[in-house]
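If you read the protein sequences in the order shown, they are chains W, A and Z. With the working numbering applied, the first sequence has no gaps in its numbers, which climb one by one up to 648 at the end. With the working numbering applied, the second sequence has no gaps in its numbers, which climb one by one up to 409 at the end. With the working numbering applied, the third sequence has no gaps in its numbers, which climb one by one up to 293 at the end.
Treat the hints loosely; a few may be bogus.
[Claimed, not checked] What follows is a set of in silico ranges between Cβ atoms, one per label pair, in the way DEER data are often shown:
{"hint": "1", "chain 1": "A", "residue 1": "Ala321", "chain 2": "Z", "residue 2": "Leu108", "range": "34 to 42 angstroms"}
{"hint": "2", "chain 1": "W", "residue 1": "Gly457", "chain 2": "Z", "residue 2": "Arg111", "range": "41 to 49 angstroms"}
{"hint": "3", "chain 1": "Z", "residue 1": "Leu33", "chain 2": "W", "residue 2": "Gly595", "range": "36 to 44 angstroms"}
{"hint": "4", "chain 1": "W", "residue 1": "Thr402", "chain 2": "Z", "residue 2": "Arg15", "range": "56 to 64 angstroms"}
{"hint": "5", "chain 1": "Z", "residue 1": "Pro32", "chain 2": "W", "residue 2": "Ile345", "range": "21 to 29 angstroms"}
{"hint": "6", "chain 1": "W", "residue 1": "Gly457", "chain 2": "A", "residue 2": "Glu141", "range": "35 to 43 angstroms"}
[Unchecked claim] Footprint (simulated), chain W over chain Z, 3 or more residues, beta carbon under 8 angstroms:
{"hint": "7", "region": "21 to 34"}
{"hint": "8", "region": "112 to 120"}
{"hint": "9", "region": "255 to 263"}
[Unchecked claim] Part of the chain Z face toward chain W, derived, beta carbon under 10 angstroms:
{"hint": "10", "residue": "Ala127"}
{"hint": "11", "residue": "Ala130"}
{"hint": "12", "residue": "Ile251"}
Think of the hints as simulated: they come from the structure by calculation, not from any bench. Glycine included, C-beta positions come from ideal geometry on N, C-alpha and C.
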Amino acid sequence: MRVLAIFGRSVAIFIPVFFVATFVTFALRALSGLSPARIQLGESATTEAIANIESQWGLDRPFLVQYWDWFTDVLHGQLGTSWVNGADISTLIGLGLGVSLSVAILALVLGTVLGFVLGTTAALRPGTLLDRAITGFVTVISVMPAFVVGIVLVEIFAVGLDLLPSGGYVPLEEGGVGLWLAHVILPALALSFDVVADVARQLRTGLVSAYRENYVVGALVRGLSPRRIFFRHVLRNGMGPALATLGIKFPSLVGAAVVTEWIFGLQGFGRFANDSAQAGDVPAVQGVLVVSVAMVVTFNLLINIVLGRVTPASQRGV
Amino acid sequence: MTTLAKSTLTGTDPTETGPTESPETGAAATTAEPVLAVRDVRIRSQVDDREIVKGVSFELTPGKVVGIVGESGSGKTLTCRAVLGILPPHFEVSAGTIHVAGEDVATLEPRQLTAMRGSTISAVFQDPASYLNPSIQVGPQIAEVIRVKKGAKRREARRRAVELLAAVHLRDPELVYTQYTYELSGGMLQRVLIAAAIAADPRVLIADEATTALDVTVQAEILDLLADLRDNAGLALVVVSHDLAVVAQLCDEVLVMREGEVVEQGPTEQVLYHPRHDYTRLLISEHEQYGLEKFLTREQS
Amino acid sequence: MVRRVLSLASGRLAVGILLAIALLAILGPLLAPQDPLATSDNSLTGPSAAHWLGTDYLGRDVFSRLLDGSRVSVVGALEVTLMALVVGAVPGILSVYLGRVFEWLTLRIADTLIALPFLLFAVAVTALLGNGITQAMLVTGVLVSPLFYRVSRAATLAVARSQYVEAALISGASLGWVIRRHVWAKVLPPIAVALAQTLGVGFIIVSSLSFLGIGVQPPEPTWGGLLASDLGYLDYRPSAPFVPALLIMATVWASNLLADAIRDVSGESGRALVNTRKAKANQLAAGGTA
Ligand SMILES: Nc1ncnc2c1ncn2[C@@H]1O[C@H](COP(=O)(O)OP(=O)(O)OP(=O)(O)O)[C@@H](O)[C@H]1O
Ligand SMILES: [Mg+2]
Numbered sequence: 331m332r333v334l335a336i337f338g339r340s341v342a343i344f345i346p347v348f349f350v351a352t353f354v355t356f357a358l359r360a361l362s363g364l365s366p367a368r369i370q371l372g373e374s375a376t377t378e379a380i381a382n383i384e385s386q387w388g389l390d391r392p393f394l395v396q397y398w399d400w401f402t403d404v405l406h407g408q409l410g411t412s413w414v415n416g417a418d419i420s421t422l423i424g425l426g427l428g429v430s431l432s433v434a435i436l437a438l439v440l441g442t443v444l445g446f447v448l449g450t451t452a453a454l455r456p457g458t459l460l461d462r463a464i465t466g467f468v469t470v471i472s473v474m475p476a477f478v479v480g481i482v483l484v485e486i487f488a489v490g491l492d493l494l495p496s497g498g499y500v501p502l503e504e505g506g507v508g509l510w511l512a513h514v515i516l517p518a519l520a521l522s523f524d525v526v527a528d529v530a531r532q533l534r535t536g537l538v539s540a541y542r543e544n545y546v547v548g549a550l551v552r553g554l555s556p557r558r559i560f561f562r563h564v565l566r567n568g569m570g571p572a573l574a575t576l577g578i579k580f581p582s583l584v585g586a587a588v589v590t591e592w593i594f595g596l597q598g599f600g601r602f603a604n605d606s607a608q609a610g611d612v613p614a615v616q617g618v619l620v621v622s623v624a625m626v627v628t629f630n631l632l633i634n635i636v637l638g639r640v641t642p643a644s645q646r647g648v
Numbered sequence: 109m110t111t112l113a114k115s116t117l118t119g120t121d122p123t124e125t126g127p128t129e130s131p132e133t134g135a136a137a138t139t140a141e142p143v144l145a146v147r148d149v150r151i152r153s154q155v156d157d158r159e160i161v162k163g164v165s166f167e168l169t170p171g172k173v174v175g176i177v178g179e180s181g182s183g184k185t186l187t188c189r190a191v192l193g194i195l196p197p198h199f200e201v202s203a204g205t206i207h208v209a210g211e212d213v214a215t216l217e218p219r220q221l222t223a224m225r226g227s228t229i230s231a232v233f234q235d236p237a238s239y240l241n242p243s244i245q246v247g248p249q250i251a252e253v254i255r256v257k258k259g260a261k262r263r264e265a266r267r268r269a270v271e272l273l274a275a276v277h278l279r280d281p282e283l284v285y286t287q288y289t290y291e292l293s294g295g296m297l298q299r300v301l302i303a304a305a306i307a308a309d310p311r312v313l314i315a316d317e318a319t320t321a322l323d324v325t326v327q328a329e330i331l332d333l334l335a336d337l338r339d340n341a342g343l344a345l346v347v348v349s350h351d352l353a354v355v356a357q358l359c360d361e362v363l364v365m366r367e368g369e370v371v372e373q374g375p376t377e378q379v380l381y382h383p384r385h386d387y388t389r390l391l392i393s394e395h396e397q398y399g400l401e402k403f404l405t406r407e408q409s
Numbered sequence: 004m005v006r007r008v009l010s011l012a013s014g015r016l017a018v019g020i021l022l023a024i025a026l027l028a029i030l031g032p033l034l035a036p037q038d039p040l041a042t043s044d045n046s047l048t049g050p051s052a053a054h055w056l057g058t059d060y061l062g063r064d065v066f067s068r069l070l071d072g073s074r075v076s077v078v079g080a081l082e083v084t085l086m087a088l089v090v091g092a093v094p095g096i097l098s099v100y101l102g103r104v105f106e107w108l109t110l111r112i113a114d115t116l117i118a119l120p121f122l123l124f125a126v127a128v129t130a131l132l133g134n135g136i137t138q139a140m141l142v143t144g145v146l147v148s149p150l151f152y153r154v155s156r157a158a159t160l161a162v163a164r165s166q167y168v169e170a171a172l173i174s175g176a177s178l179g180w181v182i183r184r185h186v187w188a189k190v191l192p193p194i195a196v197a198l199a200q201t202l203g204v205g206f207i208i209v210s211s212l213s214f215l216g217i218g219v220q221p222p223e224p225t226w227g228g229l230l231a232s233d234l235g236y237l238d239y240r241p242s243a244p245f246v247p248a249l250l251i252m253a254t255v256w257a258s259n260l261l262a263d264a265i266r267d268v269s270g271e272s273g274r275a276l277v278n279t280r281k282a283k284a285n286q287l288a289a290g291g292t293a
């Protein structure tokens, strides 16, 4: 029952988000002034030919009508066809989604696990040498942009030690777990640093401030052991900010795919977005952006539900 | 624990045989072994190297109630926290001893302290909502104590927790069991907190301003509940309050504190009706000026 | 506040590094010992007296390119920050006063901007709307502006609802004094923290975009671009990415450090820190005399 209520509330928050985001995305074409005619006919086309092609693509209709058509198609999973080669954009993005999702999910898992370990370790011994060492380490990795981490990882593991491939991708069903992991672990690590840093920091702060709350004194007075107090009471409440951070971090994780896929030569949707944008293929770019927004929204829905389960009090009045 | 819940459930008749002495056998009680003995305790702040509590002593035998009154910041809460072994960071007991059930708290290992808290000595505070975990239903928090401290199984713990909620006079204990702190009123929360505090059958309960934030009628009900527990379960109480009416109603002995010092100490009647220290007189006259209405309501009820 | 930030060692370090980088941006192109665009035959050499950081694949002097490229990064990061400040803080403050419709609308827009994967959007928008680093930075500024929106809105709300402002006004203080004394004290620190944070994010974005070659014309050097060109020649010059990467990281670190320093001197955590230090000092003193 509670889950349903949280779900309903989250959907209510994310519907406007999705609307505004798709609208902005769609407005890109009008703002850019790009047209399929230029791509197909080149710079020297006659105005007549241009008008002809534009009406073929339905670009001569009113803006809002175009938007509504496109939006309803998007809801049906149809992202239109490429200006460059007429291919179905949903199919094109689907091809790259496997790589990108593999990397993003692995990065998320790595980042959460490592960040969790570092954050709790530091929070349990605030002010000690260990705490300061962890805080220092977290600071260092938090200032390393994904592409710097990527380069460093390539240097160490591919060029230096020659342990892992420096790029490329083998899907799970073709090469098995070993080969798949060998190809996605470095990009995932590169992406995960940011997550590790944020989760560790938020968790540390969250736990330290949760430890200051009166309910810890309450549990102590009732004779519960420090261990139980940590796992049953403090962790549960201190986790909130870290979880929320995951939701906030996810968009930049998705966005950073542009960079890591470039470094590691992966044909994911980040690469697809970059290539399409450079080529002026507006529908393809719009497709990628819509897919990325949908991913972000879905992920945040999940986070909201988990948050609602873990800390029900914080959900009230949202 | 069942004895407590049952005896409280069965009624408030003090003549019914409790596990220990009832107040009528007061002479016997004073000669009994003290469950809590505080001797000349001094508390120091390491931050500015100041002595904040300057020598507090009292003894508490089963079924007795000691009251501590005094102005804000006089060190009442710190004294209680020292007894529980939970002084805030940078505070330490610099002199004196605290014996709980005959054991010197200072010599206990952390593990032994944990074992002692809840099952020998427990506490409730002002602002009960904040002393319960906001993310867990209140019932399971009581059941948790029963499971951990008494080794009860899950279902048994739940059953006893509901019983306790009934024992602290909460209507519809089954419903309250499944509610969160933000769904309960201040008075209900204080009852829940008391239920959690007595879940493992402690022998001493410290009530630090447990009724301060509540409105007068609710306050009276909670005080009745504490009196019940004292009478029927032989619980020894330390009651901290600003309110002299609370002290007058409940306590056998009173300590008056000011700026960390105990300025007056003695049997309740003597301190309240024949105060020797100026500060105590001031407290009483202030109470007569501002608290009269409150006092009268309580007397009538 | 400036003086208190500078009283912290971390604050001084952060300001020092940022000033040095700013100086580099202003004077860098003048200091460059060689023409950053001049190619030569001895390509991919290691560090030497003539080329302190070696040469790249076209034989260009890496040190000169690094100095020359600093301006793009600094100006870019500043553009992101200022854009975000204006686009975020102004509606953030106004949302408290301009009525529910405006409030609802700006809140939804802020929610949306947060949900956009900004690197992806920055890449898309910059490529589609014309290749210029300034456009890219302004777009990015808009995308990261919700931070300022949230922060300034929260602070304004706190001030608008607080009773001490009312109390001060009732007790006869002038409006100007109240704003200087109370409103600024409440609004300024969180905005300063957000500024420093965004500066760090700005550096990361500028270098990421220039790494991808977006918003820069090819021969023009940038820190990110240097890294990108090194990537293809790691086998020949494995140490090449070291200096540009270090520069980027130092700048981002200094920005974060500054944010933390501002937070420390203006919040609760500052007091806890001081207490711990005092307690330690007292213990030491007590131990010393005993
Ligand atoms: N956590 C703490 N940190 C710093 N100082 C504290 C802390 N707790 C108490 N003190 C100081 O110790 C002194 C005694 O505080 P204590 O809480 O014992 O007073 P109290 O008698 O319980 O007051 P009140 O009636 O207002 O609850 C006060 O001067 C207070 O400033
Ligand atoms: Mg107190």
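Status of the hints after comparison with the structure:
no.	hint	verdict
1	A:Ala321 to Z:Leu108: 34 to 42 angstroms	holds, 41 angstroms
2	W:Gly457 to Z:Arg111: 41 to 49 angstroms	holds, 42 angstroms
3	Z:Leu33 to W:Gly595: 36 to 44 angstroms	holds, 39 angstroms
4	W:Thr402 to Z:Arg15: 56 to 64 angstroms	holds, 58 angstroms
5	Z:Pro32 to W:Ile345: 21 to 29 angstroms	violated, 50 angstroms
6	W:Gly457 to A:Glu141: 35 to 43 angstroms	holds, 42 angstroms
7	21 to 34	violated (count 0)
8	112 to 120	holds (count 7)
9	255 to 263	holds (count 3)
10	Ala127	holds, 5 angstroms
11	Ala130	holds, 3 angstroms
12	Ile251	holds, 7 angstroms
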